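**Student:** Keeping their order, the protein sequence lines are chains C and U. So for the first sequence, the numbering used here puts the first residue at 203; every next one is plus one. So for the second sequence, the numbering used here puts the first residue at 203; every next one is plus one.
Hints are computed from structural coordinates only; laboratory data are not their basis. Take these hints with a grain of salt, some might be off.
For identical chains, the list gives no copy identity; a pair is met inside one copy or between any two copies.
Claimed, not checked - Cut-off 25 Å, straight-line C-alpha distance, at most; resulting in silico cross-link-like pairs (SDA-like, lysine to any residue): (1) Lys332 <-> Arg225; (2) Lys306 <-> Pro433; (3) Lys447 <-> Thr392; (4) Lys363 <-> Pro401; (5) Lys323 <-> Leu338; (6) Lys428 <-> Ile285; (7) Lys306 <-> Asp402; (8) Lys332 <-> Ser287; (9) Lys332 <-> Ser342; (10) Lys428 <-> Gly311; (11) Lys428 <-> Glu333; (12) Lys323 <-> Arg396.
Keep in mind it's a predicted model, so treat the numbers as computed, not measured.
2 protein chains.
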Amino acid sequence: MHNAIAVLDSGVGGLTVVKEVLRQLPQEKVIYFGDTARTPYGPRSPEEVVLFTRQIVDYLTQFEPKMIVIACNTATAVALEDIRSRVEIPVVGVIAPGARAAIKHTRRGTVGVIGTEGTVKSRAYEYALKEISPQLEIVSLACPTFVPLVESGQFLSDHAKETVRITLEPIRRFPLDCLILGCTHYPFLTGAIREGMGPDVTLISSAEETAREISAILYHRGQLAKADRTPVHQFFCSGDPVMFKQIACAWLEKYMDASPVVWQVPTIV
Amino acid sequence: MHNAIAVLDSGVGGLTVVKEVLRQLPQEKVIYFGDTARTPYGPRSPEEVVLFTRQIVDYLTQFEPKMIVIACNTATAVALEDIRSRVEIPVVGVIAPGARAAIKHTRRGTVGVIGTEGTVKSRAYEYALKEISPQLEIVSLACPTFVPLVESGQFLSDHAKETVRITLEPIRRFPLDCLILGCTHYPFLTGAIREGMGPDVTLISSAEETAREISAILYHRGQLAKADRTPVHQFFCSGDPVMFKQIACAWLEKYMDASPVVWQVPTIV
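Only chain C is shown next, with the shape it has when bound in the complex:
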């Protein structure tokens, strides 16, 4: 029962999900794969994203994880059902948890969604929200500049803040009471997005909500980790490990002392 939760992403964005898993489920072991050599997935064709996701899932399967988490909205939008049909263990995406949190939160019935071009074009949030609650109004905006800001480590700069503010302008005039950060990279930009949207709009982090849904699913399957040993996490990336490790350490700082971490660059891609 010490099997890991395997988390995959197009790059470093999924680390926001990892951070929340480490925070909300401190007894769980995490194995992470960031496809930093091929990031971003947002502008890629669905066929390519499905292929890449399959490759990473095949790689992660060697560790016999108890769950696969597709911590990338673009990959969740196009590859979730495909991966579900290929493995026996639960596969959790990042779209449904954010949608459910928005449904719980909204009182006005108008929900905002920001994401990559791929996610917005797929209308995956709209489908997920309306499948459960058909009366909702959904306002979406693609923010293609946000992921490169995060992947290049510039997410705290003044340039980042200004880019975020200008990008969000078109969505500000709608009567939203919540905005789904429909890309796992976006929590890196939370401060700037909060400033851009103003105090009346609650930001919903798909990372926080996905970690909570992981908790619920493991609980209902009787698979939550027990407190009998310290988990050892493993991190893999397909690109430059120096930049990856630097961003991961800065982002996961608080949780890096508690548990030993193994860093590896695999050869699959």
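Go by the hints and put chain U onto chain C.
**Tutor:** Coordinates of chain U only, in the frame set by chain C:
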């Protein structure tokens, strides 16, 4: 696939869960049983609560529900595992969802819980919280006066406000950032509890959180209701149907127009 979600409670408290199910899952059909003749469950022995819960589950099983929701913290604390072992469908309690929401929310690591004497004595929230996150500090307080205020329909009176304020005093001096309303009756008293605790403490409604967890579990089982017909809800109580209907109508007002409702008094108890 038009099977209902069956919700049971010791009285009217579980209507707070029903309200959230109707709000967050407007396509789902609900069958409710309130054991108003034998309320409250809080001061009863665990054996008695298990027996009563089994009787109600046996009654509800005739409707072939797709899920049983034990919308009563006292019954969840003592009867959840027993009921799980007796039925094939998922059984959802109200304790784990509130615990998970508190874990997601807390940054200070100190979580408050208020509930009936039965729930607090069972330490069920403490176990649920520490099973997932052993480092948390938990502060609990039994509020035995709250349920009678709600069941007698007095939840908006000045007397109710004053009772709530005085009862909460012992828990106010702890550095809580969230307080779990560990009894499904308590959302009726949300205004008074919020006033009593001050603006820095976020109230976590086990009703809201349970509805969201119901959504997650049905989704992962492929059992969410489709938008192809208007659900007809059914409400049963074991005691005086006049008072029950009055409280239910006042509480669920907004959702009573949309769907036809059947009111019945069964003969099981």
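**Student:** Going through the earlier hints one by one, which of them does the structure break, listed in rising order?
**Tutor:** none
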